[in-house]
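Make the full structure from the sequences, and use the hints.
4 protein chains.
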Amino acid sequence: MNSFGRIFRISIFGESHGPAVGIIIDGCPAGIPLQEADFLEDIARRKPGAKGTTPRQEADEPVIHSGVFQQHTTGSPICIWFANQNTRSADYEKQRDVPRPGHADFVARVKYGGFEDYRGGGHFSGRLTLPLVAAGVVAKKILQSGETPIQVRARIVEIGGETDIEKGLEKAIAAKDSIGGIVECEAIGLPIGLGEPFFDSIESVLAHAVFSIPAIKGIEFGAGFQAAKMLGSQHNDPLIDLSGRTATNHAGGVVGGLTNGNPLVFRVVVKPTSSTPQTQHTLNLASGEIEPFSVKGRHDLCIALRVPVVLEAVTAIVLADFMLLAQQSHLIWSSKKEASN
Amino acid sequence: MNSFGRIFRISIFGESHGPAVGIIIDGCPAGIPLQEADFLEDIARRKPGAKGTTPRQEADEPVIHSGVFQQHTTGSPICIWFANQNTRSADYEKQRDVPRPGHADFVARVKYGGFEDYRGGGHFSGRLTLPLVAAGVVAKKILQSGETPIQVRARIVEIGGETDIEKGLEKAIAAKDSIGGIVECEAIGLPIGLGEPFFDSIESVLAHAVFSIPAIKGIEFGAGFQAAKMLGSQHNDPLIDLSGRTATNHAGGVVGGLTNGNPLVFRVVVKPTSSTPQTQHTLNLASGEIEPFSVKGRHDLCIALRVPVVLEAVTAIVLADFMLLAQQSHLIWSSKKEASN
Amino acid sequence: MNSFGRIFRISIFGESHGPAVGIIIDGCPAGIPLQEADFLEDIARRKPGAKGTTPRQEADEPVIHSGVFQQHTTGSPICIWFANQNTRSADYEKQRDVPRPGHADFVARVKYGGFEDYRGGGHFSGRLTLPLVAAGVVAKKILQSGETPIQVRARIVEIGGETDIEKGLEKAIAAKDSIGGIVECEAIGLPIGLGEPFFDSIESVLAHAVFSIPAIKGIEFGAGFQAAKMLGSQHNDPLIDLSGRTATNHAGGVVGGLTNGNPLVFRVVVKPTSSTPQTQHTLNLASGEIEPFSVKGRHDLCIALRVPVVLEAVTAIVLADFMLLAQQSHLIWSSKKEASN
Amino acid sequence: MNSFGRIFRISIFGESHGPAVGIIIDGCPAGIPLQEADFLEDIARRKPGAKGTTPRQEADEPVIHSGVFQQHTTGSPICIWFANQNTRSADYEKQRDVPRPGHADFVARVKYGGFEDYRGGGHFSGRLTLPLVAAGVVAKKILQSGETPIQVRARIVEIGGETDIEKGLEKAIAAKDSIGGIVECEAIGLPIGLGEPFFDSIESVLAHAVFSIPAIKGIEFGAGFQAAKMLGSQHNDPLIDLSGRTATNHAGGVVGGLTNGNPLVFRVVVKPTSSTPQTQHTLNLASGEIEPFSVKGRHDLCIALRVPVVLEAVTAIVLADFMLLAQQSHLIWSSKKEASN
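Residue numbers (the working numbering), protein chains in the order written: chain A, 1 to 341; chain B, 1 to 341; chain C, 1 to 341; chain D, 1 to 341.
Just so you know, the hints here were simulated from the structure itself, not pulled from any lab data. C-beta atoms are modelled at their ideal positions from N, C-alpha and C, and glycine is treated no differently. One or more hints might be untrue.
Stated by the list, open to error - Derived list of chain A stretches under chain D, where covered just means 3 residues or more per stretch with a C-beta under 8 Å from a C-beta of chain D:
no., segment
1, 7-14
2, 19-27
Claimed, not checked - Pair ranges (Cβ atoms, derived):
no., chain 1, residue 1, chain 2, residue 2, range
3, D, R96, C, P149, 29 to 37 Å
4, B, E289, A, Q71, 49 to 57 Å
5, B, Q57, C, P149, 45 to 53 Å
6, B, D241, D, S243, 40 to 48 Å
7, D, R6, C, Q57, 35 to 43 Å
8, B, I188, A, G161, 25 to 33 Å
9, C, I188, D, K176, 29 to 37 Å
Now the structure itself:
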C-alpha cells in the first residue's frame, strides 16, 4: 500500500507532525555514487519560500541510514530519513471535530476508526513528497548511467487558466484564495519498448505513481483530452525513420502501452490547495451543525508551484524501474540470434 | 505484467488471430452463482454491429474451464475462454513490413525481436477486452452482493467534440475518417474509506487499470482538468452530513486517495481508432521508403462506442478488489472497541 | 494465490474432474523455440503406469492456446491447456460426507463453505502438477539458453526408509499400504549471486515453490538436518579457487541466501499417499459417527515415484525467474566501471 | 526482495556496522495499543549474554518513527528503528581479502561488484533479526486480538545431536567449536482454512519466511522427514470430531496447504555458526593462496540458542498476514447464505 515498484521498489513512512518522514529504496543496483549532498538540489526545488507557498520552513536535511557505504550504493535497501522539526500541532488539535473541506480529515477518521494521526494531515500530508523527491534523485542517477542518458523534466504550464504563470498567481492573491494549475512532464532518451501491453503499460504504471501525489486529479498523454475531438488521420503519428521517430507526437511517446522512442509527454492537473484563506463552511462532527471554518496552520496558496520536482521524481522512479526490468531483454536477443540461425 | 489485482486478481492471455483469448480470475470468493449465460448481456454490449463499429463478427461464446461447479464459484481460479473463429490473417501477413500508423506494430517488433504475433495486433488487440468484460461480470456480482449494492455505469458523453453523439458520429462518416470520444463512468453505493493514501489511492489503482484499455489516453476525476482553473473555495466540497455527503462533488468521490461516500465519477478520453479509412503514409521497413498506406482488415470507426462496457468492467474489477481488501477492517473495529474500554 | 514468480510468472487453474487443467506463463522472453511436442518427454516421466502408480490413464496432450507463433514464444502470455477425459466422478459423489483421512476434503469444505469441487480432490488434486511440468519444460529451455547451460535433475533417493528403491516399494506392496519417500534435486551451472539476503533467498523462494507440490512435508539444503549434529569446522565449506569452488558442499550451494557457484543440492520428503488401500476410520459428517473407510477411485501407492519430474519443474521455474531477474546486474557492472575510474 | 507479506507487509533495512537497522510494517490495522516498552521482552530473549552467545552488547533500544500516535497504531506504516553503537569495524577491514568460510563474504563481493558493506556481514548480518523480532511483537498482538487468541511458541529441542541442551552445548565448548541445533515451533488456536492450495500454502509461505533467518538450512512439518519411512495408514491423521480435531498430528496441522485446526508444528535446523573459534583455511583473494584463518570479531558459539524468538517472530508475521487475508471470508459466507436460499 505504501510501497511501489517491481525491481526499483520504494516504501514511504512518516507523518507530518510525527518524529520523521522517510523512504526505503530496495532493488537499487550497487555501485552508484551517492551521498547526502546529492539530494540538496532537488530538495531545494521543492522547498517553499517563493510567492504562493507555505511559510512553514523545515531544514529538510536528508540522513542516509543504510544502503550506502564509502559513498556508493551497496545493493542493499537505502533508508533516507528526514526529521520533522518545525511542527505546530496545537493548530490541529483544536479543530479535531471540524474536518477541513477538501482534506482527508473526515475519511481518514472513518477509515482508521479515529486512531489516525490527525495533526497536519498525518500520513496524508504533502510532506511525504519530500522522501519521494529523495528517491527521485537516486532514480535519476540510474536513468543517467546508461549509454543514452535519460532526462526527465517537469514544468508548470498553466495556473488558474493562465499560461502566464505570474498572472495566474496574482489572480489567486487578489482573490485571497488558493488556485489550481497544470504541470507538464517530459522524458527524453527512452529506448523503444519499455512497458507492457495491458496492465503494465507505461501509461498505467506512470498514472498509478502520479496519482499518489496529493492534489493530482487528472493525467493525459500526448494530445490527451484533445484527442476526443480529433480524426484518426490527424491523431496518428506517421513513422519517419527506422529509429522510430514520428512526424508528430500526439501519442506522447507511448503506443500500445510501450515507449516508441519519441519524447514521453504528459500533463497533470493540480487542484487548488484545499486550505484556502477564504472562510468556508463545514460540519462540526461533535455538534452536528454546519459552521463557518477558517484555515489554521501554514499552507501553500498554489501547491502546483511545488509539484514539478515531485512529478519528476515519481516519473524517474517509474522509468528507472522499467529500465531495470528491461535488462532482461538481453536474453531475448541471444535467443533471437539462435532462432535466425 | 498481464495480471492485475491483489485479492481479486485477473490474468489475461491470447492473441487476436490465435486459437483463443481468455482470462483467469483468482481470489474470487466461493459461492457466487455463475454460469455462462451470465456473461451474455455485457458481451452483447461490447459487440460490434452498430453504426461506426467493425464488421468482424465473432460468436464471442464464453466457456468456463475451471473454478465453477454446480453453477457456483468454488473459490478456485476461474478460467473463462473464448475461441477465435472469424480471423482473416492474410490481411496482416502482406503488410508485415509496413507498420500501421498509430498502432503497436513497430514497437512490438522491436520489443519482441520480430517474434511477436503480428496478425491483427496480436496480443495488443482490442479483442483482449472481451475477457476483461467477462471478468467484469464476475466483479459486478461481488459488488452487488453486499448489504448496499454498488452500481457501476459508464456512458459516452462526447464524440468528436459533440455531446450529441449521433452528430459526432456523422462527422466521422462524412469525413471518411475515424474519430475520438469521451466516456464517463460513475460508481454509486461505495463505502467511505476504500483506497490507501499514496500508492494505492483509488485514483492510482483505477487509472492503472483503465490505461490498460487500448486507446485510452487520459483520465480525470470529478472536476478534473477544469480544477486547474478553479479557486480553492470553489473546488472544495463542503461536508453536509455525517454520512459523508458533500454539497458538490468536484472531487469525484475521492479525497486523499480514499472514497468519501459520494459517487465516484471519472472520465476517460478515447483516441480516434488508429485504423482510419483515410490513406496515410508510413515507413516501409524493408525498403526504408515512406509510402502511402491504406488499412486492411475490418475495423471500428469510433472505438469509443464500444468502450463503456469495458470501462465498467475494469472499474468493477478494481472496486471488487478494494471491497475484498476492506473486509480486514472488521479487525480494526474490534481493536477499536478494546482500545476504548 | 495460484500464481508464482516475479519475471517468469506462472498461474495455474483447473480441477481434477473439471473440463481441463492448465497454466499461463507470463514474462517468458520472446524467441524461444517451442511446440507441443517439446512437452512430451517430461509429461511421460510424470505419467503413471509403472509399479506403484495409479491406473488412471489420461492422454495428457498439451494444447498451446496463446503466446506461441510460428513455433517460437512471442513474449506474450503462454497458455498451455490439458483436457480431462478419464474421470469417474461418481466415485466421489457418494463419499461427499465422509472426508478421506489425510486429504484436504474436510478443510476445503470448511474454507469454501461447501462450494468446493470435491470430485477427485478438485483444485487440490495432484493432477495440477501436470501443467507445472509443462511450465518446467519452458523454464528448462531458458536455463539452457545461456552461455553456461544450467541443468536441473531430480531422483528418488529413498522409499520407505530404503535406499534400494525397489526394496522400499516391495515393502509397501507387501503391506498393502501406501508409502513415503525422499527425492533429491541438483542444479549445476548456476552463476554466483542468484538470490537475495532475507526474504528472497534462494532457499526461501525454492521452498515456497516446492511446498506447492502436494505431499511434500519437508525440505533441507546440503547437509540439511545433519547440520544440527555438526561442529562449525566440519560444516564450513572452505573456498578453494576464485571461481567459488569449495572443498565440500555442506551448504548445498547456497550461502547467505545466494548461490555460491557450487551445485545446488536439496532434498524433499514425500509423505505416503493419503489414499492407502488399507481400511481406515474417519468421521461421517452427516451422522457424526466414526466409521470405517475404504478408498474409492484410482490412486498411487507411492506418489514419490512421480515427484522427480515435478520437483525439477518447480526448481527450473524458480531458477529461470532468478536468472531473468539477474539480467539487471549488467547495470551494476557498468556503474562499477564508472566508479573505479 | 527485502519485503515480505501481502496485507501485513514488512520491509527491513540496515547493516551490522552502519548507523542503524530497522523495519517498516505496512498494513497493520489501526487501533492496536503499541509503545516502545512492548518490544523489550522479546528483544531481551534474543539478546546475547548466556553461555554460548556473543559478547557483543548492544542497547537494542527500539525507537518508533511513525505509524503510532497516542500509543496506538494509526493504520499508517510503522517504522521501528535501532541504532548501532557497539561496532568494531576495524576487525573486518583487515580481513577484506580473506573471505570467512561459511559466510556470505565471497558471494556478496561477487554479487555487488565489491560495493557491499563488508563490515560484520553488512546487510547479511544476524543483527537484522532484531527488527524482525520487533515486527513479530506487533504480529503477536494481532494474533491475540481475535476471539480465539493464537499463541506462537518456539523452543530448542536439540543441540549437537543432544536433546539435553546443556550437554550439547558443553560438547561445543569442549571442542572449542561452534555447533548446530534444531528448533521447534508450535502455533495453537488457528482457525481451519488459512492458506491456499499450491503457491500460498501455509507450508510455502512459512518456509519462505523461515529461510530468511540466517543459518536455517531445513524445515519439516509434523512428522517431517520421518514420513518417508511411514506407511499411509500410519501417517494419515483420522478426523475425530466436527471441530477438525484429529487423533494424531503427523500432518503438523496442515493438510492440502491449509490449516486444519490442529496445532501447527514444524522444526527447523540451524547450522553451526560459521564463525568457529577453530583455525580454518580459506582463499586469500589478493594472493590467490590458501591460508590459515582465525575468526576476528565477537560471535555466538551456538546461534540456535538465539533463534527461538526470531522463529516465533517470522511465524507470527506470516500467520498475522494470513489472518488479515482471511477476513475476506465474511463475504463468502454471506454469499453462501444467499445461495442456499
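Hints, verified against the model:
no. : hint                           : verdict
1   : 7-14                           : holds (count 5)
2   : 19-27                          : holds (count 7)
3   : D:R96 with C:P149: 29 to 37 Å  : holds, 34 Å
4   : B:E289 with A:Q71: 49 to 57 Å  : holds, 53 Å
5   : B:Q57 with C:P149: 45 to 53 Å  : holds, 48 Å
6   : B:D241 with D:S243: 40 to 48 Å : holds, 46 Å
7   : D:R6 with C:Q57: 35 to 43 Å    : holds, 39 Å
8   : B:I188 with A:G161: 25 to 33 Å : holds, 31 Å
9   : C:I188 with D:K176: 29 to 37 Å : holds, 36 Å
When the structure is compared with the earlier hints, no violation turns up for any of them.
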